[in-house]
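Undergrad: Turn these sequences into a full structure, and let the hints steer you where they fit.
Chains as they are written, first to last, in the working numbering: chain E, 1473 to 1622; chain W, 781 to 1581; chain Y, 729 to 992.
The set of hints was computed from the structure by calculation and includes no laboratory data. Note that beta-carbon positions come from the ideal geometry of N, C-alpha and C, so glycine has one too. Check before you lean on any hint, since a few could be wrong.
Said to hold, decoys possible - Below, a list of computed lysine to aspartate or glutamate pairs in the EDC-like style, where the Cα atoms sit at most 16 Å apart:
| no. | chain 1 | residue 1 | chain 2 | residue 2 |
| --- | --- | --- | --- | --- |
| 1 | Y | K738 | E | D1503 |
| 2 | W | K820 | E | D1595 |
| 3 | E | K1598 | Y | E823 |
| 4 | Y | K827 | E | D1595 |
| 5 | E | K1598 | Y | D915 |
| 6 | W | K820 | E | D1501 |
| 7 | W | K1057 | W | E848 |
As the list claims (entries may be wrong) - Pairwise CB distance ranges, derived in the manner of DEER restraints:
| no. | chain 1 | residue 1 | chain 2 | residue 2 | range |
| --- | --- | --- | --- | --- | --- |
| 8 | Y | S741 | W | K846 | 54 to 64 Å |
| 9 | Y | A773 | W | E916 | 14 to 24 Å |
| 10 | Y | A772 | W | E1578 | 26 to 36 Å |
| 11 | W | D1025 | E | R1586 | 33 to 43 Å |
| 12 | Y | D950 | W | P1523 | 30 to 40 Å |
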Amino acid sequence: MNVAVTVNGTVYERDVEARKLLIHFLRDDLDLTGSHIGCDTGNCGACSVILDGTLVKSCMLLAVQANGSEVETVEGLADGEQLTALQQAFTDHHALQCGYCTPGMLMSATSLLRSNPSPSDEDIRKALQGNICRCTGYWNIFDAVKSVAR
Amino acid sequence: MTTIAPEKVEVGKSLLGESVPRKEDRRLTQGQGVFVDDIKRHGMGYLHFVRSPYAHAHITSIDVSKAEEIKGVYGTLTGEEVASLTDPFFQIASEPGGLIKDFSLAVGKVRFVGEAVVAVVAETRELARDASELVEVEYEPLPALVDARTALETDAPVLHDDAGGNLMWEGVYEWGDLDQAFAEADRVVKIDELHFHRFNSTPLECDGALVEYNRGTGQWTIHTNNQFPGFAAIMMGPAMRCGLDKLRFVTQDIGGGFGNKITSHPQLVTCCLLSRKLNRPIQWTEWRTDFHMSMSHGNERWFRDTEVAVKDDGTLLGFRTKALDDAGAWLRYEPLGGVIWAQVTPGMYRWRHIRVDFTQVATNKAPVSPNRGYSRMQHLWFTERVIDIVARELGLDPVDVRKRNYIRAEDMPYETPNGCIYDSGDYARMLDIALDLIGWDSMEEKRRDAESRGKRLGVGIGSTLDSGTNNFGQSRMINPELQFSGNNEVATVKLDIFGEIVVTLGTTPQGQGHETTASQVVAEILNCSLDDVHVRPGHDSYWNSHAGFSGTYASQFAVTGLSAVKGATEMLREEIKKLASVIFGGVPVEALELAEGGVRIKDNPEAFLPFMACGAIINANNAGLPEDLGVTLNCRYVYRPPFEVPDIERKFGNLTLTYAAQIHVAVIEVDPETGYYDIVDYAAVDDCGKRINPQIVEGQVMGATAHAIGAVMHETFEYDEDGNLLTPNFYDYHVPHALDMPPLHTGAIESPSPFTPLGTKGMGEGGGAGIHAVCAAVQDATGKIVTDSHNPYHRVWELMR
Amino acid sequence: MLLREVEYTKPSSIAEALTNLAANDGARALAGGQTLINVMKARAASPDVLVDLNGLEELKGIELAADGTLSIGPMTTYTELMDSAEARARPILGEVCSKIADVQVRNRGTIGGNICANDPTNHLPPLMAAIGAELTIIGKDGERTVPASDFFLGVYLTAVGQTELLTRITIPAGKHDGFAAVTLGVDGTCIVNAAASMNGSLRIAIGCVDAVPVLLEVESPDTVRAAVRAAGLRPPDDVHASSEYRAHLAEVLAERAARQAVAP
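TA: Below, the structure is given as structure tokens:
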């Protein structure tokens, strides 16, 4: 099936099988390997992207379902060399170790801050509940997001 | 909640001990890390494994023809082919375990649900998966052995006929004088059975590889996330009948390891054979369910018939116990678990009379392999349980019992009953800090408050040791024929033609920040800026920057890796001075110093040779230099920790170089009606000697805490009686998420190691401190003795009935 | 992780959707996909055709009638329900939805999907049963309405046939509701859950203990436990809970939900 998906502002037209998951489309077809796969039951959130302004797990969407839609991935956050305040905050607060969950975390936190620029501690935890990390224990991630909140 | 903020380092201030921001983060926060599944090669074939649905069965036939007929399927590999193309993997064990024949695919028999039987390679991932369903494997099911406690009964199903039974290894460890200790005891506390459960650290990235075969040179390039390539090479080379130089390992970013990425060598062999057979690169992605079913479960261990000799005042004299270890279906890194625990035989305590009868058996479950805290965690959990159970039996305060028995700061360095040397530490002080952080003094008030809300409060302490930098000579206690001992790690530091400082390591970091801490050491010694130091990410055999034990495991980088970096950098520094001495017309080297990106005469700083000039001279402009100059500006250093081969007879000797420590305190509130509980407060104090980057150290403590909380409350690899894994994915195997984390207070002290070049100690595993602390808290809240390391709500409820 | 081959279609009307479903025995409706896609990844079920309902505006929207009745489109996501001013007329709905899975799942997962999946551990089937929801189904013979008490037929099985669609969930007016659960981790999968609603009588629905929610009518919160015991539950044994523990939790949680419902 033909799909046209805009990812980080660029339109990609491809022919894909209906069964192809959006995460595989991003990683394998479009070479956007920043979004990751950490599980096979939709639990870990490493594949989180923003679809038409909404945070979703791209492993539970077919690529064909994103036809005509706009997808934002981690690759679209920084502006050239300029990291976002959130990306910088992750470094400042040691909110990543292996970095595998980080793209998903950044998308979830970015989505939170767009709709809620002044989240409470509880808001932050709830917003990141769908993103598993095995390295940090999450505490530094909470700090990083809090530090960027208004 | 980091308690440590990153620092802008003042000019002239030492970089060691500064929480400098990590170099790795720039690429990782932009999704520009290179993890193994990100790598692509033209024409690569995707591999899917056909796996056994039975825990134990004969394979009566395999027919791959229907799969191979599908357009786009490139080929297959079966156990029969593997058995003809390779030799069985080397076994660490002596007999009987050493007699088992382990190949990269099941040969003749399957021994656990999920065991790889056939490999199918196709043009797309989906097609490989589809084609695998067309592979026809006929099985003749056999009874399954799932409970290790029955493994040695006469009618138990036998996994490996070659070994003549399910016994894989046994050994008796005894030190001190147990008869004396038990005679002197006022009481003998008996504990029937303690059980440490099966789980692992489930790194978010599963295993994987992309393997290419070069027909012309016979060399394989293995892009993988295996965290111990030194071990993988030693296992793969002989099996594949090729020299180790034919196996080039390349890693870059690895999504967590925690020990669980050490034993992927069977899958790597399959990939190598297929890349040669099919003449194309082979891509293997392990999915979460595959990982849970087949990779790296942590050792499951029972401690039975424990007897503890104690005095009425709580002084512990000694113990004896029978440890039964469930290795699963294959010995991939085992039976090393049978000796590794001995690095911490007495735990943190001063008892001198100890006997452990250790037995390891095979069962129809996934093979066990190192898991964060490997084997020491199980043993330390045991010692901590003993402390709390003894305290309870004697009606004593667990804090008092700990302090009465802790090895003291003034005893350090302390020789344990089996000859290990604890280098330094002050456990009592750490405990005080932890208790202060948790508000120990107001605990009774908190208990009453909880009660007023219908909850039961519980407080528990967990002490743990991170023994780091192994002496591989301990393997000879498992098998005297083994020719391993000592340890090593390599680093190279060079000044390139334009003055770039380039560092290579033999390690395979999975988030520990090696590029950053190595840069700190280099910049410190060369007195240059951090930004001038470029550490190549990851590991590559081609750099020739590795040795037999290279990898990242067992809490050792701060000792082995950083000491290698220190050594190489100091060599470079001396060479730079030597060169400058000549260039400056014979100024003595003592008169020179490195500063501001170059070398200069101390008393005449304007006589300055920038690094760029040094690099250019040696590399491109070296006519006229003295013949015996001996300067290459490309320095390779092998760090070798000072070890002797242990005394195999007495099982005595120093098994690890450093001993980091952590003490944790957990406060829980239990809903007595349901057994549901929350961790409402938590403190963790660590001591890993000199900390090069305190923020990175604290990050490791936090991660270990989260792993422990997950393990004690939720995570378990449990099997039904037919050998089916009941928690094969993240849906049923609950991993803690953001809402599950308690408030955390951290503290640290530094007791430098007298044995290491930088005073550092390896750390990172955290030895399950959280498991020990929460188990103790559950015991406190319920008033019942906790005998299992896994305490989900239903178990807590059962305890309180 | 890798699906079997499947055909995909995205109808733009209910009529078209029904035609798509009827055209193939193996056709299945795709709502939020937060359950179905995972089932397909595991290859536990592999529909031949996916009929994507995400283009059907008629299945979205929440209306609050003057008498307090709520009419909810089944393709309403959990997030949309939580954000809906109308849905606040029955606060338990948003409260329970906010505890389901996580943000990403709530942004795509749908009320209708949760109800029609009827996984025994789902939150909404017992809630719908307790509050007396009515489910409107459209098929080739037109529309019919089924009360929640008759809607849930078995594990993953409801009154909605393979060629039919749930079109509306009607919630009567009311505010005296309760919900209690013990979950795997905070806000995780339910080990046992219970919903209660006070509307003249006190109705309890217990989930996770049988193929479908177990419904009880009781006098008062004080008699709940006895009623649950009398129901003779024989819940499943699994790695998270023994049958005995589930039965015990059923008693405790049913009472807690009931007390929440009757609280002023």
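Undergrad: All hints, please: hold or fail.
TA: Evaluated hints:
1. K738/Y - D1503/E: Violated, at about 27 Å.
2. K820/W - D1595/E: violated, 39 Å
3. K1598/E - E823/Y: Holds, at roughly 14 Å.
4. K827/Y - D1595/E: At roughly 13 Å apart (the allowed maximum being 16 Å), D1595/E and K827/Y satisfy the hint.
5. K1598/E - D915/Y: The given pair, whose Cα atoms are some 10 Å apart, holds under the 16 Å limit.
6. K820/W - D1501/E: holds, 11 Å
7. K1057/W - E848/W: Judged against 16 Å, a Cα distance of about 14 Å means the pair holds.
8. S741/Y - K846/W: 54 to 64 Å: violated, 42 Å
9. A773/Y - E916/W: 14 to 24 Å: Between A773/Y and E916/W, where Cβ atoms are some 23 Å apart, the hint holds.
10. A772/Y - E1578/W: 26 to 36 Å: holds, 32 Å
11. D1025/W - R1586/E: 33 to 43 Å: violated, 53 Å
12. D950/Y - P1523/W: 30 to 40 Å: holds, 37 Å
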